[in-house]
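J.: Turn these sequences into a full structure, and let the hints guide you.
Number 163 in UniProt numbering belongs to position 163 of the sequence shown; there are no gaps in the numbering.
Since the hints were derived computationally from the structure, they do not count as laboratory data. Computed from a predicted model, the values in this text were never measured in an experiment. Ideal Cβ placement from N, Cα and C applies to all residues, glycine included.
Taking CB as the label site, the calculated pair distances span:
#1 Ala199 to Thr42: 32 to 40 Å
#2 Glu119 to Val78: 36 to 44 Å
#3 Thr42 to Arg194: 30 to 38 Å
#4 Phe172 to Thr42: 21 to 29 Å
#5 Phe202 to Glu162: 53 to 61 Å
#6 Glu162 to Glu83: 21 to 29 Å
#7 Ile197 to Leu43: 28 to 36 Å
#8 Phe206 to Thr40: 42 to 50 Å
List of simulated lysine-lysine pairs, BS3-like, C-alpha gap at most 27 Å:
#9 Lys182 to Lys115
#10 Lys182 to Lys96
#11 Lys188 to Lys122
#12 Lys98 to Lys182
#13 Lys98 to Lys122
#14 Lys145 to Lys122
#15 Lys145 to Lys115
#16 Lys98 to Lys188
#17 Lys188 to Lys127
#18 Lys145 to Lys166
#19 Lys166 to Lys82
#20 Lys145 to Lys98
#21 Lys188 to Lys96
#22 Lys188 to Lys204
#23 Lys145 to Lys96
#24 Lys122 to Lys182
#25 Lys98 to Lys115
#26 Lys168 to Lys115
#27 Lys182 to Lys127
#28 Lys168 to Lys145
#29 Lys98 to Lys166
#30 Lys166 to Lys182
#31 Lys127 to Lys115
#32 Lys122 to Lys96
#33 Lys145 to Lys182
#34 Lys82 to Lys145
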Amino acid sequence: MVPSGSRAETSAALLAKGQASRGWPLPHFRFPAHPAPAMTATLRPYLSAVRATLQAALCLENFSSQVVERHNKPEVEVRSSKELLLQPVTISRNEKEKVLIEGSINSVRVSIAVKQADEIEKILCHKFMRFMMMRAENFFILRRKPVEGYDISFLITNFHTEQMYKHKLVDFVIHFMEEIDKEISEMKLSVNARARIVAEEFLKNF
Numbered sequence: 001m002v003p004s005g006s007r008a009e010t011s012a013a014l015l016a017k018g019q020a021s022r023g024w025p026l027p028h029f030r031f032p033a034h035p036a037p038a039m040t041a042t043l044r045p046y047l048s049a050v051r052a053t054l055q056a057a058l059c060l061e062n063f064s065s066q067v068v069e070r071h072n073k074p075e076v077e078v079r080s081s082k083e084l085l086l087q088p089v090t091i092s093r094n095e096k097e098k099v100l101i102e103g104s105i106n107s108v109r110v111s112i113a114v115k116q117a118d119e120i121e122k123i124l125c126h127k128f129m130r131f132m133m134m135r136a137e138n139f140f141i142l143r144r145k146p147v148e149g150y151d152i153s154f155l156i157t158n159f160h161t162e163q164m165y166k167h168k169l170v171d172f173v174i175h176f177m178e179e180i181d182k183e184i185s186e187m188k189l190s191v192n193a194r195a196r197i198v199a200e201e202f203l204k205n206f
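T.: Here it is, written out as structure tokens:
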């Protein structure tokens with residue numbers, strides 16, 4: 001029997017023993033197998049700035065066209081009335097990673113430039129973005145063609161904010177920015193591993 005004061009008996013075990021002696025139900029302790037990786041020093045303020053800007057820009061309202069009667073188009077795309085457009089905001093983490101947020105009275109366009117360190121990452125990023133944009137109707141806010149100079153663009157209108165939670169739309173964009181670098185890095189590792197295996201098999205013949 002292990003004494004109560006021994007280091008071998010954890011606080012969780014002591015709590016479970018005390019509750020079992022009193023006839024209380026035992027709790028389920030869940031400890032993560034691997035702790036979640038912390039954000040880098042530059043990524044956290046970058047995402048925080050994007051989140052705060054998006055929350056301010058997504059104050060949208062229904063607004064009919066001032067040029068064509070009975071038409072309701074995203075003013076950030078049509079750009080027919082300058083007084084309805086807000087000043088575009090560019091948030092940069094470095095030269096290769098940046099976000100362009102263009103606002104208007106009834107729509108917001110968010111364009112993201114993804115980090116691409118070498119030719120392999122450029123090809124993987126292009127293929128991945130093309131795969132997503134071909135299925136833009138499944139993502140609702142995804143634009144089929146990105147703004148020039150960026151890799152992917154989202155278009156959020158007042159109809160989206162009326163049908164969906166605004167904070168969830170912001171969370172989706174932020175989550176996409178967090179995960180896209182991981183996805184491309186994992187695909188790059190997979191391609192390199194496969195290329196290494198192919199090269200080894202090929203060189204076995206010599």
